[in-house]
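Working from the sequences, and respecting the hints, build out all of it.
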Amino acid sequence: MEIYLDNSATTKVLPEVAAAMAKTMVEDYGNPSSLHGKGVASERLLTTARRQIATLAGVDAGEIFFTSGGTEANNWAIRGAALQRQGRGRHIITTQIEHPSVLASCQLLEEEGFAITYLPVNQEGLVSGEDLRAALRKDTILLSIIHTNNEVGTIQPIEEFGQIMKELAPQALFHVDGVQSFGKLPIPIRRAKIDLLSITAHKIHGPKGSGALYIKQGVVIKPLLVGGEQEGQRRGGTENLPGIVGFGLAAEKAGKSIAKLDQMAELKKYFLACFRDFKGIHLNSSEERGLPYILNLWFDGVDKAEVLLHMLEENALYVSTGSACHSKRDNPSHVLKAMGKKEEALYGAIRVSLSVFTDREELARGAEIIKEKVRDYREFKGVNYEYRFDNQVRRDQPKG
Amino acid sequence: MNTVLIIRYGEISLKGKNRHQFENRLLNNMRTALRDLPKRKIQKTYGRIYVEVNGDADSVIERLKKVFGIHSLSLAEPASLDLSQIQETALKQLEKIQTPGTFKVETSRPYKKFPMKSPEVSREVGGYLLEKLPQWKVDVHQPQTVINVEIREEGAFIYSGDIKGLGGLPVGSTGKALLLISGGIDSPVAGWLAMKRGVQPVGLYFHSPPFTSERALDKVKDLGRVLSIYGRQFRLYVNHFTEIQKTIRQECPEEFYVTLMRRMMFRLAEIIAKEEKALALVTGENLGQVASQTLESMAAINEVTKLPVLRPLITMDKLEIIDLARKIGSYEISIRPYEDCCTLFLPRYPAIKPNLAKVQKAEEALDISGLIKESLVKTQVVDIGRMA
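Listed in order, the protein sequences are those of chains A and B.
Per this note's numbering, the first sequence runs over residues 1493 to 1892.
Per this note's numbering, the second sequence runs over residues 902 to 1289.
Honestly, the hints are just simulated from the structure, not real lab data.
Nothing here was measured: the structure is a model prediction, and the numbers come from that model.
Worth double-checking, as some hints may not be accurate.
What the hints assert, rightly or not - Dumping the calculated BS3-like pairs for lysine-lysine here, alpha-carbon to alpha-carbon at most 30 Å: (1) 1147(B) - 1873(A); (2) 966(B) - 1122(B); (3) 1013(B) - 1065(B); (4) 1279(B) - 1863(A); (5) 1771(A) - 1147(B); (6) 1279(B) - 1796(A); (7) 1254(B) - 1873(A); (8) 1745(A) - 1530(A); (9) 918(B) - 1097(B); (10) 1077(B) - 1796(A); (11) 1700(A) - 1530(A); (12) 1122(B) - 1700(A); (13) 1219(B) - 1796(A); (14) 942(B) - 1796(A); (15) 1259(B) - 1873(A); (16) 918(B) - 1873(A); (17) 1630(A) - 1714(A); (18) 1873(A) - 1279(B); (19) 993(B) - 942(B); (20) 945(B) - 967(B); (21) 1077(B) - 1279(B); (22) 1796(A) - 1147(B); (23) 1122(B) - 940(B); (24) 1147(B) - 1834(A); (25) 1122(B) - 1077(B); (26) 1147(B) - 1863(A); (27) 1873(A) - 1262(B); (28) 1771(A) - 1700(A).
Structure representation (structure tokens):
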């Protein structure tokens, strides 16, 4: 049986979500903009989905704007904010561990004359409030920060950052990339004074190609896609209704996942405890500051993560190298580099990512497969790591 | 008669008794290349092939420019063997050019029964054109446009200039060879160059899961598809190389990993070549590029096979190879970054000049025939690309 531990790349769509989407495609296929009854029926579905997502986010339905996913939401937030506010300043602050869609948007603006500050992170992947304070300028117009990093799962103290922004840079907008945390972790949108938040469906058992940008009431940013009255004239294009309906339902179901956060933390501990007798395992993820869904690991002697990944695949265990967005490229992860990781921690790193449906049995079997394959790998390389390394990392006892 | 493409195939016409075979091979390859377009007449006469075009000249030319053996192509309007007809047709050709300039008429007359001699035809046609299109001027030394008139038994053909073909010999006309293909830049180019000299390649890829990914195999299949555009269907043997690689890693000295792996690859290749009735091996080896491509290394590797090993890239610079890969259309596929065969197994200090006796000694630890047998049982064959 397959063990899918690549849930931060994407998740399996819930059957009821898929069913609702199928119904939208074959029955409620009207265009929400049409004046006739079929259009009205579709518009109602759109309204329902918007409400479901707003409820999970704890915001008003009118603050949710649908997009084609997290990448579009990030592009829109950053570009839209920068172009809207360039009259007040052209300085943007972000971090060194952002998703490529944020980094690329910033680099594009940099080419167009904006100044960008990339905040560093510590060994755990944390951005410090001190660094943020020091980076703020009179002409800062935007802070864009990832809530939980997709490669290592570090949770940033966004409430603290929101407070700093309010005090020192009230002129700037605050954007949070919540793609990996939405529906898994409570996001204190109001308390953290977030102006813009990117979210997506396919990380919470919804469909791919469906996301949204939360834009706080009263905040204006330039549109990215023009040419239609949709989404309050802020994002043109006929709505991806099946995707939106799927997103809405998935968000409704994800309400329960947030409540399970403690259980997820237990699961993560359990998984790590499965390695307590295994030598030469190291964590790139922070144990205390990490989202329990994401574990970034590496092993002594494993120097090519992709090879280990294919070895695991032979036993139907699916994981990622560092991050799914990087695994097709040769250059190692910018996130792990920013965290100051050593070379061996970069090239051999795999990411194991859980979902609320992952159970202990899967994790126990997954851990066994990983151990077996890492042993095989070390054997090919002709080094007996069982004796050479004694830096045992895990001490937790498995429960149950 | 419709507009035709005149196909010239320079080199094959020299091939004496085998000429028919070569010509038929070329005709077949051309038909294969044009398969996805509507059916048309393709006619062979002495030293020429005519391909009828029905308003789709661009598509036809684009395809035939990828057929080895074609030296040049010209898009010609036919006319009956009658001076006024020839003049009319020549006028139409010249009128196609928007901005007037200088021109001259060149005539060739393989059909000697035509009553006028070549210079006379040129003079008559040129005079007619000047009279009808007075804004044009004649320049016999450096004309901007040449109007060619060919007088053949089957009729007259009027065209302006020619398009270069790929040259070489028709694929399949010189025999079959086994191409050791990886996902890299070099081996597809080597295969293409062998095809240029008429070789029908059969691919052999060494698949080594989990050390190489499924995507690396897809990459090789895509490269095979590119090669098939220049020939016909590409047959690919996907050999299962994992156990051999592991065993070498476990049993043999590290400095010889690459030499020993390559020797095993050549042994497997020879067996598959026999099976396929292929007469040679083709590799992308290039002198001095990597440790296994020194003369000493090649000698130590080559020792296991009696088949001729063709190395079309042997003297080329990497940049020349890359330029060619771009032209062929394989480059973008080759640079897709997936784990490739043997990167995990690269020794830290490979023997750059392996000594044959030492290599043979190192190999004693291996059950060569057992490993080969096991690997061949797991070898699969896929046919890729256009149907033959």
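Hint by hint, here is what the structure shows:
no.	hint	in the structure
1	1147(B) - 1873(A)	10 Å, holds
2	966(B) - 1122(B)	23 Å, holds
3	1013(B) - 1065(B)	28 Å, holds
4	1279(B) - 1863(A)	27 Å, holds
5	1771(A) - 1147(B)	23 Å, holds
6	1279(B) - 1796(A)	26 Å, holds
7	1254(B) - 1873(A)	24 Å, holds
8	1745(A) - 1530(A)	27 Å, holds
9	918(B) - 1097(B)	21 Å, holds
10	1077(B) - 1796(A)	38 Å, violated
11	1700(A) - 1530(A)	25 Å, holds
12	1122(B) - 1700(A)	28 Å, holds
13	1219(B) - 1796(A)	27 Å, holds
14	942(B) - 1796(A)	56 Å, violated
15	1259(B) - 1873(A)	22 Å, holds
16	918(B) - 1873(A)	58 Å, violated
17	1630(A) - 1714(A)	22 Å, holds
18	1873(A) - 1279(B)	24 Å, holds
19	993(B) - 942(B)	23 Å, holds
20	945(B) - 967(B)	19 Å, holds
21	1077(B) - 1279(B)	23 Å, holds
22	1796(A) - 1147(B)	16 Å, holds
23	1122(B) - 940(B)	29 Å, holds
24	1147(B) - 1834(A)	28 Å, holds
25	1122(B) - 1077(B)	19 Å, holds
26	1147(B) - 1863(A)	19 Å, holds
27	1873(A) - 1262(B)	22 Å, holds
28	1771(A) - 1700(A)	38 Å, violated
The structure does not agree with the numbered hints 10, 14, 16 and 28 stated previously, though it agrees with the rest.
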